[in-house]
Amino acid sequence: MTTMTIAKAINEGLRATLGNNPRTLLMGEDIGPLGGVYRVTDGLIAEFGPDRVVDTPLAESGIVGTAIGLALSGYLPVCEIQFDGFVFPGFNQITTQLAKMHSRSNGNLTVPVVIRIPYGGGIGSIEHHSESPEALFAHTAGLRIITPSNAHDAYWMIQQAVDCQDPVIVFEPKRRYWLKGDVDTESPGASADPFKAHVLREGTDATIVAYGPLVPVALAAANAAAEDGRKVEVIDLRSISPIDFDTVTASVRKTGRLIVAHEAPTFGGIGGEIAARISERAFHSLEAPVIRVGGFHMPYPVAKVEEDYLPDIDRILEALDRALSY
Amino acid sequence: MGTHLPSTEFDGTAVDDQREAEAEAVLGAPAEPMVQLLGPDGVMGRDPVFSEYADRIDAGKLRGFYADMAAIRRFDVEATALQRQGQLALWVPLTGQEAAQIGSGRASQPQDYIFPTYREHGVALTRNVDLAELLRQFRGVSNGGWNPKDTNFHLYTLVLAAQTPHAVGYAMGLQRDQKLAAANAAPDQPQEPKAAVMVYFGDGASSEGDVHESMVFASSYNAPVVFFCQNNHWAISVPSTVQTRVPLADRAKGYGFPGIRVDGNDVVAVHAVTEWALERARQGRGPVLIEAFTYRVGAHTTADDPTKYRGSDEEDQWRAKDPLERLEKYLRSQDLADDAFFAKVKADGDELAAYVRRTAHDLESPDIRTAFANTYAEAHPLVAEELAWFEEYSAGFADQPPAGGAGSHQAATDGAAN
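If you read the protein sequences in the order shown, they are chains A and B. First residue of the first sequence? That's 1321 in my numbering, and the numbers climb one at a time after it. First residue of the second sequence? That's 4 in my numbering, and the numbers climb one at a time after it.
Read the hints as simulated data drawn from the structure, not as lab findings. Quick caveat: nothing in here was measured; it's all calculated off a predicted structure. C-beta atoms are modelled at their ideal positions from N, C-alpha and C, and glycine is treated no differently. Incorrect hints may appear among the rest.
Said to hold, decoys possible - Now the in silico label distances, taken between C-beta atoms and shown as ranges: (1) A/Gly1588 with B/Glu354: 53 to 59 Å; (2) A/Val1519 with B/Trp392: 24 to 30 Å; (3) B/Thr373 with A/Glu1367: 39 to 45 Å; (4) A/Trp1498 with B/Gly212: 34 to 40 Å; (5) B/Gly212 with A/Gly1394: 22 to 28 Å; (6) A/Lys1551 with B/Tyr396: 38 to 44 Å; (7) B/Ala185 with A/Gly1588: 49 to 55 Å; (8) B/Val80 with A/Ala1461: 34 to 40 Å.
To be verified - Calculated lysine to aspartate or glutamate pairs in the EDC-like style (CA-CA distance at most 20 Å, straight line): (9) A/Lys1516 with B/Glu389; (10) B/Lys182 with A/Glu1367; (11) A/Lys1551 with A/Asp1641; (12) A/Lys1420 with B/Asp370; (13) A/Lys1516 with B/Glu388.
Work out the full structure: start from the sequences and follow the hints.
Laid out in structure tokens, this is it:
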């Protein structure tokens, strides 16, 4: 067991997968000598060379499109998109090509491409550097989407994404890149299945589901609620597509109340999908409507007001109060 | 009319003279000449570079080119008829482009990998794809229809130019394969034949950003890829003069690799140029852009009407450059083929058409369970949950078999949607 940041854990996970499989390669802008804008690929080009760690031209459609071709020829590309808001030039390749290649080939072709996207706000950055577009991809069948919230998951999930035969998008919570945690590099343990949610904290009064950057916020809210005598269960979703509804349903059957928190705009977001599914699955267990806590229906605001935009402990506690008032 | 789009090849098409002049003022020198060996008059010329490649084409191969072009034209007529009779949802005719496709496709080798767009029926023929399989997509029973691994001929791609970066990535994979093989090879081990990738797209697709990005990548990594642009002059109703101020082949200069404009109705020249480019790519000398200067004689698809956007005089001028007629003239003038040969080609074409018609009628609708099965490569709980619901729902129709074409209301609805 060693302690490292999430960024370092991903770096070590990539190092492990590059070392284990000669057909794995990384590609993206500035990922070579610079080590990526967040230094997630730091040192890898020196270790594995420019054929395995490919500094690409600045062209997101080209990155994803050539990754598809590399995958078709038997390679395992891991693409880095520099920032969430810059994935859209590659959106066409991801949604019309990558997601559908297996299906349209009647299962004859697989395209095991991994796309890493640093996402979310809270770093005081400028336009297009703080977005949470995961729902846009989750709506597309054929893609899998995961998001680690701690270093141990980060180390293993990137390797599990590479091992998966389906295309996987890894949304990396950029404001948590420097969050330290224990990593067991010998065994994934409970993290063996990257598409399974984790119950991080047990409770009986309400359930909070969060993922990625909001997991620490949800835990802090649950701790604060505990001071008022409320026992709140916290679930780290980990996988956004597929969603582990079984774990969420089991929790709601126990607690009767559900709050879903994410940074992405509430409208049309993952929270709505969870609310609807849980309403179908556990209607008679619910003591209150499922309450969503998310961003507003606006472009991600300028950094000076992002604290008003991002769900925080108080916003989750307010939702908890509402849920408990029924 | 300026010199960048040769007037002799472009009479009757509206060209913006001012834009041409501006382009010429910027570029200075006129465009590279177009490579042509077999002219519309059926006379074979010489080219200082490419005749060497054309000389490799013996009489048997030349007759084969004619037979292929005739077969694919007959197939095209049959598929168009099938669409008109309601048997296909749509058809994408290729008539006029037979030489561009047969000439280039026959220049590829089995180990090469081909990425087509959606009109490359002739290339498919050269890659031994069952032409009846091609109709699966257009009949609405598949989004693909064949296994690309069988023939190294990829699925058709309907999103314009999306396949061009795939081709470059595949070529980058071939580069790595060769390095890995060289690193691991025993000294006396026979080497695998080197491979290249060829990707097809049209003049319309050349405006898409993916063509630009794929050419940047191809150049950056010296990828063994041949970009084969069939300039058939019309992006549905928009003429190529609106797509570009310069010959498309000239764009390659901006990426730092050769661009060649070839007479796309001259199967000999197309074959020679493509063979040169593919050999060059296999040798590790990087990408080439070939612009096959040709013409779509018919509609873009069976859904549009060319009489709305172009004159019949233009079509007539291009019919005079017909790729089959010029090769027939040559074969006859050189005593390389006789009436019996041409009669046999016609009979074979009719037989192919009958086979395609028969097979298309017999193509079975898939069971929607195959779509559930193929959405992901690995097990997926949401798909499993929805399939389970579908099974239970379908079982409620006690007197009808669930899904799989005719039967339940659900299946009937899906069929209509297709």
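Here is what the structure says about each hint:
1. A/Gly1588 with B/Glu354: 53 to 59 Å: holds, 55 Å
2. A/Val1519 with B/Trp392: 24 to 30 Å: holds, 27 Å
3. B/Thr373 with A/Glu1367: 39 to 45 Å: The hinted range 39 to 45 Å holds for B/Thr373 and A/Glu1367, with Cβ atoms some 43 Å apart.
4. A/Trp1498 with B/Gly212: 34 to 40 Å: Once the Cβ atoms are compared, 35 Å apart, the range 34 to 40 Å for B/Gly212 and A/Trp1498 holds.
5. B/Gly212 with A/Gly1394: 22 to 28 Å: holds, 27 Å
6. A/Lys1551 with B/Tyr396: 38 to 44 Å: Given a distance of about 40 Å, which is inside 38 to 44 Å, the answer is holds.
7. B/Ala185 with A/Gly1588: 49 to 55 Å: At roughly 51 Å between Cβ atoms, A/Gly1588 and B/Ala185 fall inside 49 to 55 Å, so the hint holds.
8. B/Val80 with A/Ala1461: 34 to 40 Å: holds, 38 Å
9. A/Lys1516 with B/Glu389: holds, 19 Å
10. B/Lys182 with A/Glu1367: Holds: B/Lys182 and A/Glu1367 sit about 18 Å apart, inside 20 Å.
11. A/Lys1551 with A/Asp1641: holds, 13 Å
12. A/Lys1420 with B/Asp370: holds, 18 Å
13. A/Lys1516 with B/Glu388: Answer holds: A/Lys1516 to B/Glu388 is near 16 Å, not above 20 Å.
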